[in-house]
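Novice: These protein sequence lines map, in sequence, to chains Y and V. Residue numbers for the first sequence follow the working numbering, so the first one is 1 and each next one is one higher. Residue numbers for the second sequence follow the working numbering, so the first one is 1 and each next one is one higher.
Just so you know, the hints here were simulated from the structure itself, not pulled from any lab data.
Cross-link-like lysine to aspartate or glutamate pairs, in silico, DMTMM-like; alpha carbons within 25 Å at most:
#1 K56(Y) <-> D66(Y)
#2 K307(V) <-> E131(Y)
#3 K307(V) <-> E140(Y)
Examples of chain Y residues toward chain V, derived with CB under 7 Å:
#4 T50
#5 A76
#6 T91
#7 S92
#8 L93
#9 D97
#10 V101
#11 I105
#12 W109
Ideal Cβ placement from N, Cα and C applies to all residues, glycine included.
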Amino acid sequence: MALLEASGISVSFGGNQVLDQVSLSVDAGTVTGLIGPNGAGKTTLFNVITGLLDPKGGRVILDGRDVTKAGPAVRARRGLSRTYQQLELFTSLSVRDNVRVAGEIRNAWGRRFRINVKSETDRVMGLLGLEDVADREVGELPTARARIIEVARALMTKPRVLLLDEPASGQTESETADFGRLLSQLVKEDELAICLVEHDVSLVMGVCATIHVLDYGQIIATGPPEQIRLEPAVIDAYLGSTEGVG
Amino acid sequence: MHLFLSYTIIGLVTGAVYGIAASGLVLTYTTSGIFNFAQGALAMLGAYGYWQFRYGWNWPAPVALILVILVLAPLLGALLYLGIMRGLRNTAEVTKIVVTVSVMLGIIALAQWIWSPTTPRNDIPFFGVAAKFKFLGVYVTDHEVIALGAAVLIGLGMRYLFQRTRTGVAMRAVVDNPALLELNGGRPNRLAAISWALGGMLAVLAGILVTPISGGGLDVNALTLLVLDAIAAAMFGRLRSLPRTFVGAIVLGLASSYVLAYFPTTWSWASNFRISLPMISLFVVLLVLPQDRLRGAVLLRTRERFKVPSLRSAGSWALVLVAVVLLLEQIMTTEAISALTVGMAFAIIALSLTLLTGYAGEINLAPVSLGAIATIFVFHLGLSGIGLHARITIGGILIGVAAAAVIGGLIALPALRLRGLYLALATLAFGVFVSDMIIADVNPHILPIFHTHFSIFTNGALNIPKVKVGPLDLAAPKAFLTTVTIVFVIIGIGLIALRHSGYGRRLAAMKDSPAASATLGQNLVKLKLSVFVLSAAIAGLGGILVSSASITVNANSYIIYISLTLVMLTVVGGIGNVAGALIGGVLAGVGFQAITSTFQNIYSLHGGPWNFVANLTLVAPAAIGVSIGRNPSGSVGQIVAGYAPLWRAKPVLAGGILLEVAAYLLVVTKFMSNWWFVLATTIIALGLPLVGRLLMPGAFAPPPATGSPPTSSPAPVVEAPASLSGAAAAGGSVRMGFEGGPNNGPA
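Work out the full structure, taking the sequences as your base and the hints as a guide.
Specialist: Structure (structure tokens):
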């Protein structure tokens, strides 16, 4: 049983079909990739899954429960967390406070969710190597670093399903390699289910167990990396063009 | 049937006028993203302008109409956009709202300056009162036909504009994505300027049409509040759809007409109810509106920046403030002490905005009305003793504060699911509702169950005594001022502590990115409700203290413009800072009135240009409010930046303090009058940075740039005092409160 299951999701903006019957599932302990050219609908799908956008059709099942009608906060309590491709950091808070406040939000869920925010913040900041910028304003940091803060913040709510929207864009090759190792470690140790949207092919192919390919609002292929790599439709739509593969 | 028909026609005509005003509102909002709270003020200005040409100078009606509606109105609208609104890109919603509210207040002050409110003025219906004909047995005036015809033409014209013309289609595009439109060769700024010109025309047309229908007398305040009818109508169309807006306008017009026709005249509240209909319907519509999509942080940084002081520095400044107030009490007259007490109590109401708007990014346009609610509860339930021995009990304060908190929460609740603008609209409607329905309830009527005579705002004026807490009787003016100052300080420090807590960080997170907050599991409605209730409680407490310091409160104490001025000046002071609340509160509570009356006194003694100056100070607050678009973070940050180098120029600072102490001693020993003291303080305050710069340029050299945020370059030193120069003497002295020099209220 998949931890997160989205089935038959359809969204249209003013007659423009952005997602058409998209289905996707993410299992615990694995990284699932979601790739596709710009404008394919990846972020829109994340918005539907997290409850920021109501779909025209389809269902979102989180840990066996139908959350299609639930708001974003309720889904977060059920273990869903995400990062944003267009950064959504809290600009009036320092880097450390950005991470810390996520834990404080979790603590406001209720007594049984309570964590030790201070020690958890220290742990997550260390895990993602953010100690050196802890007291800086988030607006001062380069985008690649800011994306890592988004990841740290998302981890603070102790999610079971984590949606990452281009977390590694802007990183150097060695940073990306480190980041890939971190993702593998997270899914293994914490039994996380991660859904990764990323343009960096080496990262996606390296860490994902399954990859979904989205093009023009439709899933055109699903399978393990070695199969996706050879799929003609995928090469046509995405890998074939050098654009965005970088 | 006869009655029904004639009231239906009146209702349709009223609705038509609402529709015209509302369509202008929707048009400007959708194309520029700025909600024009000054729409009613423009209508008012248009009605007065038309009166001036038509009846003041006896021009022929067509010439006056063409000049006002087709030339001056679009010009004014376009100028407003190009001169002011265009600069509001990348500012928070609060800033946008405050700027148009400032424009509204500025137009009101200007109109009262040009057309003295004591002279009655009347507009006559088009073609005279006698121009009417019989239709199905009831009389219809030509004016009414013109109003209806204009509304129909405008409705059809707008439809044509949006569906068929290039400009109209581009206007629809600008709503969705101005950046994209620009990439495709559209010019969003030009389109927005056109829409503001059209919006100005529609507002002015509505103002000219509505005056003869609603009795003919021109009234600055009533015409300005036409914006509320327009807002209520626009709500039917979710501030977007023009056809639905017109439907809403007609519904409102008919409803108010039928209330007039069919409610028994023995119901004393019926006419208040009719006036309040738009406000009530606004709330009903709020309840049924579907939830908005959550907004993300569109920008990595908006232009507003606030530094949160540490508790330690807040504590030291608090001690300085209390010490300054204690010293001033020794030299001030009793009247001056009372006035400063009112100002300080207003500053407490302003603190409710620091919490709500500064920390949480939500808006309340009627904080003083919550103070009115608390005051009413205190008056009915919280007094002990009679006559001169009457006192407010501590229990009374608790009841009043709790009432403000509960009612505030109930008011806010329907708007909290929606964008911040809707909360601003809901609170504005609430503020006017309090004035029109609650404070207007002055005549005793018999309560249905209790069978006693009761009215909410008994006889139109409530005497609010001083507070007594156990053995502590605050009837003495000095004791009361000291206490109010200490209450301000305690709440201020409490707020700073709150901002440093997890709750405060959650508020900041919600303000910066509601979307990210929600996906981290923050229940936004719950958090907004909690902060609104807390801020309403603070506003309630401040309101009780204002009433108590004012001794008597009446309907004029709670007109909506007082709240709006307070909000505006608090944002000018710095909505994210406790010090900004002090500046805004004292200026709104007493500062500007004191300055204006000073110049009026000088004029009555010496003549000369001083009346002009006095009028200028009436317009000044609004002018400063408009300037917030240029400096959305308020003045506190600038002032601090201007004075901060003095810490490094210790000898200069010490010299300044010594001079100030000497001046104070001269006053205490009666060698110098209070006025000279105010003057000396102002000169020292303004001169200190300049002297420091001359004597110790090293201390004022810009420090080597290390990690200073790129967008918020510190303002030049001289600019800090200049930014408040409109506030003249009192502005200078108020500012001193946080700069270490003695403070002085208006004497």
